[in-house]
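> Read off the chains here:
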Amino acid sequence: MKRVYVNEEWCLGCRLCEYWCVFSASGEKHFPFAFDGGAKPPAGIQVEERGSVHFAVNCRHCEDPLCLKGCISGALSRDGYGAIRVDKTKCVGCHTCIALCPYGCIVSGGDNMPIKKCQLCAGKDYTPQCVSHCPNNAIVFEEDEDL
Amino acid sequence: MKYVIIGNGVASIGAIEGIRKNDKKGSITVIGEEKYPCYGRPLISYYLEGMTSLDKMDYRPSQFYKDNGVKLVLGVKAEKIDAVSGKVLAGGKEYPYDKLLIATGSSPVIPPTPGYDKVKRKFTFIRLDDALAIEKAVDKTSRVLVIGAGLTGLKAAEGLYGRVGSITVVDMADRVLPAVTDAESSAIVRSHLESKGIAFCLSDHVERFDDGFAVLASGKTIAFDVLVTSVGVRPNTELATSVGCATERMTESGRPFRGIVVDRDQYTGVDGIYAAGDCTLSYDLTLGNTRPLAIQPNAYMQGEAAGAAMSGARAERREYLPVNSGGLLGLRMITAGAYDGEPITVKREGIFRRFFIRERKLRGFIQIGDYSRVGILTEMIRKGTSVDSVDFASLTESPDLAALGDEYVRSVLGRKEKEK
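Top line first, the protein sequences correspond to chains A and B.
Taking this note's numbering, I'd label the letters of the first sequence as residues 1 to 147.
Taking this note's numbering, I'd label the letters of the second sequence as residues 1 to 420.
Calculated directly from the structure, the hints in this document are not laboratory data.
Accuracy of the hints is not assured; some may be wrong.
Stated by the list, open to error - Heads up, simulated DMTMM-like pairs for lysine to aspartate or glutamate below, C-alpha to C-alpha not over 20 Å straight-line:
no., chain 1, residue 1, chain 2, residue 2
1, A, K124, A, D79
2, A, K40, B, D370
3, B, K56, A, D111
4, B, K56, A, E143
5, B, K21, A, D79
6, B, K383, A, E63
7, A, K2, A, E143
8, B, K122, B, D58
9, A, K88, B, E49
10, B, K347, B, E397
11, B, K35, B, D55
12, B, K21, A, E63
13, B, K383, A, D64
14, B, K24, B, D98
15, B, K196, A, D111
16, B, K56, B, D130
17, B, K2, B, D98
18, A, K88, B, D211
19, B, K118, B, D130
20, B, K56, A, E63
21, B, K66, A, D79
22, A, K88, B, D58
23, B, K21, A, E142
So that you can see chain A by itself, here it is in the shape it has in the complex:
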């Protein structure tokens, strides 16, 4: 399956990916509307910084997804594309997935709210908006050649 990969030497640390992620997940038509309600990154992608090095981290959609296997409600599932998706009507916000994700890629949606995670922009024809709007090709969306 295609995944988002990182070229960390090219990441500027601009965090545009974080904002495009929130916008994409919001379902809003206009960019600023996504943030009207006080929504803030991170959601499905987050930029890490250490000294002069930056890179963006998002869900690996693991072959062996501990989040999905540990989910208490069955809200997490793998869709036909291979993306690990969350059913927001089923998630009770227990955060077992946050306790289990080895890469820290699942974000709390707040108390009693469903979690937030990368769904590979399934609602945007699987065109990850973080990648489309990265100004420096620091993240790319490519086929995993191991598969």
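Put chain B on the given structure of chain A with help from the hints.
What follows is chain B alone, placed relative to chain A:
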């Protein structure tokens, strides 16, 4: 190939999915005592709290069993296993198997207490039917007495909080959540719940129930309308014992742990018979012993491993450890691993984090308040990563992958090198 699974919890779902990865054709029959398709058991407190509803609790979509060619036999208790001819007897019918999975779960323990039988509205808290019955039995004026201040008891209290008049929790231990906290973090949880109006009687137990009262060992009496007992569970091992599976393991302290003994493929050692989930014992990678590790993620993964082995494959190698995530009336907490190492503590307003280091490895942690990206630390425990090979100080403040080093980051996030 004929597969029969006794039990319809998440271990059973794991097994079905594990089997179907390798064997699309074999017949699968699931015999479940409860009348519902599989639901996540921990959801019952969220149900009482109003955070989920019956139509959203199915663990898999409604067509799951059909899509996987599973015959569901629900509302029927498996009574007997004939291991010689390979048959399960349930509800007067015989179900022949080539491979059998015992995933019978556990049952609540009821401490023998004089007067218990006469208590009218009494419940345990493990099944959906328990939650549905409790829901009917309470109203806004009910005085609820919960026996047991473990995760189940406190989640029951949380679920009931908005529905009842008052809640009192009694436990023999001197603190709440004794299995997943240390003294200081336990005190934080307790004072949070007390601030919400939940009363605790700790280091105490019910000596007898009298007409509408519980008389405690300390002499205190508590008037109550509804009783919820959640002092712990006992693995359902009777069927396994009857066919010769080992269902007890002696510990160093001489106290036996009950539960079906299995190998890494969840095989019991009895021909064709596997076991998974809360009825089994697991090897706890942090404490290095075999003990009950009855948490839902383990149940699924054990079921999956069993399903793989039953269908002739081998599952991912698993490391089991205790991991618990539990919100309690607005207090958020995630804990993992063992607490027998040297503690490192980070405290700030609304945040308590304690990490336990032993032999320079992270053994376990308790995090209350913000626990963003804490799974990075769970993975360190799982892998036995040395704290000296990472920027551990920064991990205690704000876990990120960068603290684990460039090489790790590239291996996780980068594409595998094409050229060279």
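> Each hint: holds or not?
For each hint, the structure was consulted:
no.: 1; hint: A/K124 - A/D79; in the structure: holds (14 Å)
no.: 2; hint: A/K40 - B/D370; in the structure: holds (16 Å)
no.: 3; hint: B/K56 - A/D111; in the structure: holds (19 Å)
no.: 4; hint: B/K56 - A/E143; in the structure: violated (34 Å)
no.: 5; hint: B/K21 - A/D79; in the structure: holds (16 Å)
no.: 6; hint: B/K383 - A/E63; in the structure: holds (18 Å)
no.: 7; hint: A/K2 - A/E143; in the structure: holds (4 Å)
no.: 8; hint: B/K122 - B/D58; in the structure: violated (26 Å)
no.: 9; hint: A/K88 - B/E49; in the structure: holds (17 Å)
no.: 10; hint: B/K347 - B/E397; in the structure: holds (10 Å)
no.: 11; hint: B/K35 - B/D55; in the structure: holds (15 Å)
no.: 12; hint: B/K21 - A/E63; in the structure: holds (13 Å)
no.: 13; hint: B/K383 - A/D64; in the structure: holds (15 Å)
no.: 14; hint: B/K24 - B/D98; in the structure: holds (15 Å)
no.: 15; hint: B/K196 - A/D111; in the structure: holds (16 Å)
no.: 16; hint: B/K56 - B/D130; in the structure: holds (18 Å)
no.: 17; hint: B/K2 - B/D98; in the structure: holds (5 Å)
no.: 18; hint: A/K88 - B/D211; in the structure: violated (46 Å)
no.: 19; hint: B/K118 - B/D130; in the structure: holds (18 Å)
no.: 20; hint: B/K56 - A/E63; in the structure: violated (26 Å)
no.: 21; hint: B/K66 - A/D79; in the structure: holds (18 Å)
no.: 22; hint: A/K88 - B/D58; in the structure: holds (14 Å)
no.: 23; hint: B/K21 - A/E142; in the structure: violated (26 Å)
Of the hints listed earlier, those the structure fails to meet are numbers 4, 8, 18, 20, 23, in rising order.
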